[in-house]
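S.K.: For the protein sequence lines, the chains are A and B, in the order given. All residue numbers in the first sequence are consecutive under our numbering, ending with 153. All residue numbers in the second sequence are consecutive under our numbering, ending with 1520.
Hint data in this document are derived by calculation from the structure and do not stem from the laboratory. Incorrect hints may have been included.
Cross-link-like lysine-lysine pairs, in silico, DSSO-like; alpha carbons within 30 Å at most [claimed, not checked]:
#1 98/A <-> 1477/B
#2 112/A <-> 98/A
#3 1519/B <-> 1475/B
#4 1443/B <-> 98/A
From a predicted model like this one, the values you see are computed outputs, not experimental measurements.
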Amino acid sequence: DTGVSQNPRHKITKRGQNVTFRCDPISEHNRLYWYRQTLGQGPEFLTYFQNEAQLEKSRLLSDRFSAERPKGSFSTLEIQRTEQGDSAMYLCAGGRENTEAFFGQGTRLTVV
Amino acid sequence: GEDVEQSLFLSVREGDSSVINCTYTDSSSTYLYWYKQEPGAGLQLLTYIFSNMDMKQDQRLTVLLNKKDKHLSLRIADTQTGDSAIYFCAESPDGGSQGNLIFGKGTKLSVKP
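Pulled out of the complex, with its shape left as it was, chain A reads as follows (with noise of 0.2 Å):
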């Protein structure tokens, strides 16, 4: 247990819905990750928080993605307006400068 939690496991949505997801990571966790991870492929870096400041987006996350971090603890990565390419497997990762970045289970995420 990494002590990285993230909620829901599993979200089947219908497309055009919009979608939040929560990672609660441990309080020493400075930095928060968010990747995502579709079948047959490795984890592919979508933005990072230090503390409570977004400092890098990836290319990856188009407009209808948003995530927060409000007071540096938890944060949500909401989806508007789901399409089918976004069925994945998101993952979040929590850390500190210079140490490793512990993984929760995910949230498998399905858009029919």
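Starting from the known structure of chain A, fit chain B onto it as the hints suggest.
M.R.: Below, chain B alone, put in the same frame as chain A:
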């Protein structure tokens, strides 16, 4: 551009050694990592190596780094059925601060009894 490549499959017999290979492109990567992912689970960091090292050993795991060829390998000694999983190689192109890891597609290791 940045890219990490791995062979997709490896099959070994229980008790044999497994060697998983990886090539990366960013010579500025300060750390290189091996992660393990079991079915339906998140990623578990197995080991990592600093770019000024050639080798790192941790119990049954040995990591070899050839910085000139940008080649990384993971050797698992005395492979067990519990080692069956997907193994990902990853580099940290922003100089080791662990943001923005670039992962390979993963090597699926199957261990036959």
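S.K.: State for each hint whether it applies.
M.R.: Tested hints:
{"no.": "1", "hint": "98/A <-> 1477/B", "in the structure": "holds, 26 Å"}
{"no.": "2", "hint": "112/A <-> 98/A", "in the structure": "holds, 19 Å"}
{"no.": "3", "hint": "1519/B <-> 1475/B", "in the structure": "violated, 34 Å"}
{"no.": "4", "hint": "1443/B <-> 98/A", "in the structure": "holds, 25 Å"}
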